[in-house]
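**Q** Sequence:
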Amino acid sequence: MIPLALQLCFALLTLAVLLGLVRLVRGPTVLDRILAFDLIATSIVGMIALLSVKWRTPLYLELVLIFSLLGFVGTVAFVFHLHQTLPARPPDPEETPAGTASPGPPAP
0 MIPLALQLCF ALLTLAVLLG LVRLVRGPTV LDRILAFDLI ATSIVGMIAL LSVKWRTPLY
60 LELVLIFSLL GFVGTVAFVF HLHQTLPARP PDPEETPAGT ASPGPPAP
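Anchor point for the sequence shown: position 99 equals 98 in numbering that gives the first Met the number 0, and the numbering is continuous, going up by one each time.
Please keep in mind that the hints were generated in silico from the structure rather than gathered at the bench. Some hints could be false.
Pairs of lysine to any residue residues, derived as SDA-like cross-links and limited to a Cα-Cα distance of at most 20 angstroms, are as follows [stated by the list, open to error]: (1) 53 x 91; (2) 53 x 1; (3) 53 x 88; (4) 53 x 7; (5) 53 x 66; (6) 53 x 43.
The following label-pair restraints were derived from C-beta to C-beta distances [stated by the list, open to error]: (7) 26 x 62: 21 to 29 angstroms; (8) 79 x 2: 41 to 49 angstroms; (9) 90 x 59: 44 to 52 angstroms.
Cβ coordinates follow ideal geometry from the N, Cα and C atoms, glycine included.
Required output: the full structure, derived from the provided sequences and hints.
**A** Printed below as a string of structure tokens:
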């Protein structure tokens, strides 16, 4: 039962990586590509963890930790870089929280 479950999980993670690669290449926006990178990194971490279970060795769990940290730091770095490079947009009056007055024209 365990080998069948491992193979099924590995196949699903492989499918997730392939779909992430498609989104990475075709993604219409940079945010789609960032999410695809995060999906691929997380799926690879899952694959390494499955291999560690299959081969019954804890040696690969250090790789899981390293790849998890690299994936997280990479995603945060991409978002930080994107935040720094995009121009600031003016506030949208429709997005003001309820109960607050939106800035209107100056009083005469």
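**Q** Does each hint fit the structure? Answer for all of them.
**A** How the hints compare with the structure:
1. 53 x 91: violated (53 angstroms)
2. 53 x 1: holds (9 angstroms)
3. 53 x 88: Status violated; Cα separation ~50 angstroms.
4. 53 x 7: Judged against 20 angstroms, a Cα distance of about 12 angstroms means the pair holds.
5. 53 x 66: With a Cα-Cα distance of about 19 angstroms, the restraint between residue 53 and residue 66 holds, given a limit of 20 angstroms.
6. 53 x 43: holds (15 angstroms)
7. 26 x 62: 21 to 29 angstroms: At roughly 27 angstroms between Cβ atoms, residue 62 and residue 26 fall inside 21 to 29 angstroms, so the hint holds.
8. 79 x 2: 41 to 49 angstroms: holds (42 angstroms)
9. 90 x 59: 44 to 52 angstroms: Cβ of residue 90 to Cβ of residue 59: about 48 angstroms, so the range 44 to 52 angstroms holds.
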